[in-house]
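Enquirer: Chain by chain, the residues run as shown.
Protein chains: 2
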Amino acid sequence: MIRHTVVFSLKHEPHSLETKRFLHDAKKILTGIKGVTHFEQLRQVSPKNDYQFGFSMEFADQAAYTRYNEHPDHVAFVRDRWVPEVEKFMEIDYVPLGFG
Amino acid sequence: MIRHTVVFSLKHEPHSLETKRFLHDAKKILTGIKGVTHFEQLRQVSPKNDYQFGFSMEFADQAAYTRYNEHPDHVAFVRDRWVPEVEKFMEIDYVPLGFG
Chain H
1 MIRHTVVFSL KHEPHSLETK RFLHDAKKIL TGIKGVTHFE QLRQVSPKND YQFGFSMEFA
61 DQAAYTRYNE HPDHVAFVRD RWVPEVEKFM EIDYVPLGFG
Chain W
1 MIRHTVVFSL KHEPHSLETK RFLHDAKKIL TGIKGVTHFE QLRQVSPKND YQFGFSMEFA
61 DQAAYTRYNE HPDHVAFVRD RWVPEVEKFM EIDYVPLGFG
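For the protein sequence lines, the chains are H and W, in the order given.
Quick note on numbering: UniProt numbering labels position 71 of the first sequence as 71, and the sequence is numbered without any gaps.
Quick note on numbering: UniProt numbering labels position 31 of the second sequence as 31, and the sequence is numbered without any gaps.
Please note that the accuracy of each hint is not assured.
Pairs count within a copy or across copies, as identical chains cannot be separated in the list.
Listed below are the simulated DSS-like cross-link pairs for lysine-lysine, each with C-alpha atoms no more than 25 Å apart in a straight line [to be verified]:
(1) Lys11 - Lys48
(2) Lys34 - Lys11
(3) Lys11 - Lys28
(4) Lys88 - Lys11
(5) Lys88 - Lys48
(6) Lys48 - Lys34
In case anyone wonders, no lab produced these hints; they're calculated from the structure.
Could you build all of it, start to finish, from the sequences and the hints given here?
Expert: Below is the structure:
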């Protein structure tokens, strides 16, 4: 399992129609891509950083994650929506520790 | 629900006994605090940042999260283990978007 997360802020006002539209479209587009599981849209609430939102999704393995990254719908989403509308972001990917 | 996450790097070598001990003790101490649920220890694998590990845990509400923060076992863990052994970290807290 790979859990792909991204914490980000939008260029739009937080409660604007543009923000609502971005989140709605992101969910629709990204969850439509095969291999995406446990998709979550989250609000970032810690005062220790100033990101506004988070997405979290899981893939069965690296092959599924790679297929997602290279999928035309993902590529188009990044080009047409993410790049123009996202102010800043940070990607964090996790696998279970499997320790000991 | 509040999901408290922290991504971090240790001062120890990644595969050292000190790293193993830190992770083992952190799990034991933090999961022993009332109100901590869905505790996870994760390995950070994205090449787009250089953090090594992540912890994720959930609280029912802000009151439970506050009790955790102020719990003597948490305060002692931060003072005696986190501050001396952690090289750098970033806290990210999420709540469900509850949109629309």
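Enquirer: None of the hints should be skipped; say for each whether it holds.
Expert: Now for the hints, and whether the structure bears them out:
Taking CA atoms no more than 25 Å apart as the test, Lys11 paired with Lys48 passes in both settings, with 20 Å inside one copy and 22 Å between copies. For the homomeric pair Lys34 and Lys11, neither the shortest alpha-carbon distance inside one copy (29 Å) nor that between copies (39 Å) is at most 25 Å. In this assembly of identical chains, the alpha carbons of Lys11 and Lys28 lie at most 25 Å apart only when taken from the same copy (20 Å versus 41 Å across copies). With identical chains, the CA atoms of Lys88 and Lys11 are at most 25 Å apart within one copy only, with a shortest distance of 9 Å there and 28 Å across copies.
Taking CA atoms no more than 25 Å apart as the test, Lys88 paired with Lys48 passes in both settings, with 16 Å inside one copy and 14 Å between copies. Taking the shortest Cα distances, Lys48 and Lys34 sit within 25 Å of each other only across copies (24 Å), while inside one copy they are farther apart (35 Å).
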